[in-house]
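Engineer: Letter by letter, the chains look like this.
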Amino acid sequence: MIVAHINPGSRMSPVAANTGANDTDDVRAAMAGDRRAFERLYRLHVGRVHGAVYRLAGYDRARAEDLTQEAFIRAWQKLPGFRHESAFGTWLYRLAVNLALMDIRARGADPVSMLDDEHLPDTGQTPFCAAEREELERAIGRLPPRARAVLVLHDIEGWRHEQIGSEMGMATGTSKAQLHRARGLLRKILGPAAPGVPA
Amino acid sequence: MNEFEWRRQLRNLRQPLRPQRDLWTSIDAALADVAPASTRSSDPSLPRRRPEHWRRWLLGASLAASALLVAGMGRRLLHPPAGLPVIVSTSPAMPAWKPTDPRLAGAAIELDAARMELQQAIRQAPDSAALQRLLARTERQQAQLRQSANSAG
Chain A
1 MIVAHINPGS
11 RMSPVAANTG
21 ANDTDDVRAA
31 MAGDRRAFER
41 LYRLHVGRVH
51 GAVYRLAGYD
61 RARAEDLTQE
71 AFIRAWQKLP
81 GFRHESAFGT
91 WLYRLAVNLA
101 LMDIRARGAD
111 PVSMLDDEHL
121 PDTGQTPFCA
131 AEREELERAI
141 GRLPPRARAV
151 LVLHDIEGWR
161 HEQIGSEMGM
171 ATGTSKAQLH
181 RARGLLRKIL
191 GPAAPGVPA
Chain B
200 MNEFEWRRQL
210 RNLRQPLRPQ
220 RDLWTSIDAA
230 LADVAPASTR
240 SSDPSLPRRR
250 PEHWRRWLLG
260 ASLAASALLV
270 AGMGRRLLHP
280 PAGLPVIVST
290 SPAMPAWKPT
300 DPRLAGAAIE
310 LDAARMELQQ
320 AIRQAPDSAA
330 LQRLLARTER
340 QQAQLRQSAN
350 SAG
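Respectively, the protein sequence lines represent chains A and B. Residue numbering for the first sequence follows our numbering, beginning at 1 and increasing consecutively. Residue numbering for the second sequence follows our numbering, beginning at 200 and increasing consecutively.
Treat each hint with caution, since some may be false.
Claimed, not checked - Cβ-to-Cβ under 7 angstroms is the rule here; a few derived chain A residues that face chain B:
{"id": "1", "residue": "E65"}
{"id": "2", "residue": "F72"}
{"id": "3", "residue": "Q163"}
Stated by the list, open to error - With the C-beta cut set under 10 angstroms, the calculated list includes, among others, these residues of chain B facing chain A:
{"id": "4", "residue": "L209"}
{"id": "5", "residue": "Q214"}
{"id": "6", "residue": "P215"}
{"id": "7", "residue": "R220"}
{"id": "8", "residue": "S225"}
{"id": "9", "residue": "I226"}
{"id": "10", "residue": "A229"}
{"id": "11", "residue": "V233"}
{"id": "12", "residue": "S350"}
Source of the hints: derived by calculation from the structure; they are not laboratory data. Please read all numbers here as calculations on a predicted model, not as lab measurements. Glycine residues also receive a C-beta, built at the ideal position from the N, C-alpha and C atoms.
With the hints as extra help, turn the sequences into a complete structure.
Structural biologist: This is the structure we're talking about:
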C-alpha cells in the first residue's frame with residue numbers, strides 16, 4: 001500500500017495522481033466496513049479529489065474542503081455500489097466531480113462570485129497574456145460557475161464535451177458555447193498581451 | 200503566448216492538491232454516523248445483479264402483459280361459445296420455448312399461451328384479419344423476447 005505523506009496544502013506531483021494500482025485490497029476491506037482501510041484510501045486519493053473540486057469550486061478553499069469531505073462520506077456510503085469496473089480512484093474522482101457540479105447547480109447564479117460579460121471592458125479579440133499560475137487561478141475563480149465548470153473540465157481536466165454535457169445535463173453544443181464564453185471572459189480578465197508576446 | 204502554449208498552461212493546472220487541513224478526522228466522525236458500507240454490502244467478489252437484468256425483466260413483463268391484453272381482446276371479439284373443445288397446438292415455426300432465466304421464463308409462458316389462444320380463435324374465424332395481425336404481433340414479441348434472452352447470454 002502506498003501512502004502519500006505530503007504536507008497539507010501542498011501540491012503533489014502528477015505521478016501521485018495515478019495511484020489506483022495498489023488500492024484493491026483496501027477497497028475490498030473498506031467495502032467490508034474497515035474504516036482504517038478507507039482512511040488509507042483517503043490518504044491515497046485525497047489530492048486528486050481535492051484538486052479537481054478546488055478548481056471547480058472556483059479556488060474557494062473552504063467550499064472545496066467541504067465538498068471533499070462530503071465526497072469521501074458519500075463514497076463510503078456508495079461503496080457497495082462500486083463494481084470494480086473502473087479504478088477506485090477514477091470512480092471516486094467522478095463522484096467528487098459530480099458532487100461539485102451538483103453544488104454549482106444548487107447554488108445557481110451566485111451574485112458574489114458571478115462575473116458576467118457586461119461587468120468587463122470589451123477588449124475585442126485580445127490575445128492571451130502570459131499569466132502566472134496564481135493569476136490564472138484567480139481569473140478562473142472569477143468566472144461564472146457553469147462556464148468555469150466547463151472550462152475546468154475541458155481545458156484542465158481533459159474531459160470531452162460529450163462527457164461534460166452528460167454530467168452537467170446540457171447539450172454538447174451548450175458545453176462548447178460555455179467553453180467559448182469562458183475563454184473569452186478569461187481573455188478579458190487577464191487583459192491585453194504584453195508587448196512582444198505572440199497572439 | 201500563443202493559444203497552444205496557453206492551453207498547455209491551463210493543462211498544467213491539473214495537479215493534485217491536498218487540503219490545507221487534514222479532513223480525515225471530520226470524515227471519520229461522520230462515517231460513524233452513517234451506515235457502514237458492510238451492512239449493505241455482500242461479498243464484493245461476487246457478481247452483482249446488473250441493471251440490464253432489471254430492464255430485461257421489465258421488457259418481458261410488458262411483453263407478456265400486452266400479449267395477454269391482445270389475447271383477451273381477441274377472445275372477446277369472437278364471443279366463443281362455451282364448451283368448445285380446447286385445441287392445444289403449437290406452430291411449427293414457433294415451437295414452445297423456455298428461457299433459462301426464470302424472470303424471462305414467465306413472460307415466455309404467457310406469450311406462448313396467448314399465441315395458442317389466438318390460434319384457437321383463428322380456427323373459429325379464419326377470415327379475421329384482426330386476429331391474424333394480433334397473432335403476428337404476438338409472435339414478433341416472442342421473437343423479441345428470445346432475442347433479449349440470447350443477448351443476455
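Engineer: State for each hint whether it applies.
Structural biologist: Hints, verified against the model:
1. For A/E65, the interface hint holds, since its Cβ comes within 7 angstroms of a Cβ in chain B; the closest pair sits about 5 angstroms apart.
2. A least Cβ separation of about 5 angstroms between A/F72 and chain B falls short of the 7 angstroms threshold, and the interface hint therefore holds.
3. Checking A/Q163 against chain B: minimum C-beta separation of about 15 angstroms lies over 7 angstroms; hint violated.
4. Against a cut-off of 10 angstroms between C-beta atoms, the interface hint on B/L209 holds, since the closest Cβ of chain A lies about 4 angstroms away.
5. Hint status for B/Q214 relative to chain A: holds, with the closest Cβ pair at about 5 angstroms, below 10 angstroms.
6. Against a cut-off of 10 angstroms between C-beta atoms, the interface hint on B/P215 holds, since the closest Cβ of chain A lies about 3 angstroms away.
7. The restraint placing B/R220 at the interface with chain A holds, with a minimum CB-CB distance near 6 angstroms, inside the 10 angstroms limit.
8. Because the smallest distance between the Cβ of B/S225 and any Cβ of chain A comes to about 6 angstroms, under 10 angstroms, the interface hint for this residue holds.
9. About 5 angstroms separates the beta-carbon of B/I226 from the nearest beta-carbon of chain A, less than 10 angstroms, and the hint is met.
10. Taking 10 angstroms as the C-beta contact cut-off toward chain A, the hint placing B/A229 at the interface holds, the least distance being around 5 angstroms.
11. With a least beta-carbon distance of about 6 angstroms to chain A, the hint placing B/V233 at the interface is held under the 10 angstroms criterion.
12. With its C-beta approaching chain A no nearer than about 19 angstroms, B/S350 sits outside the 10 angstroms limit, and its interface hint is violated.
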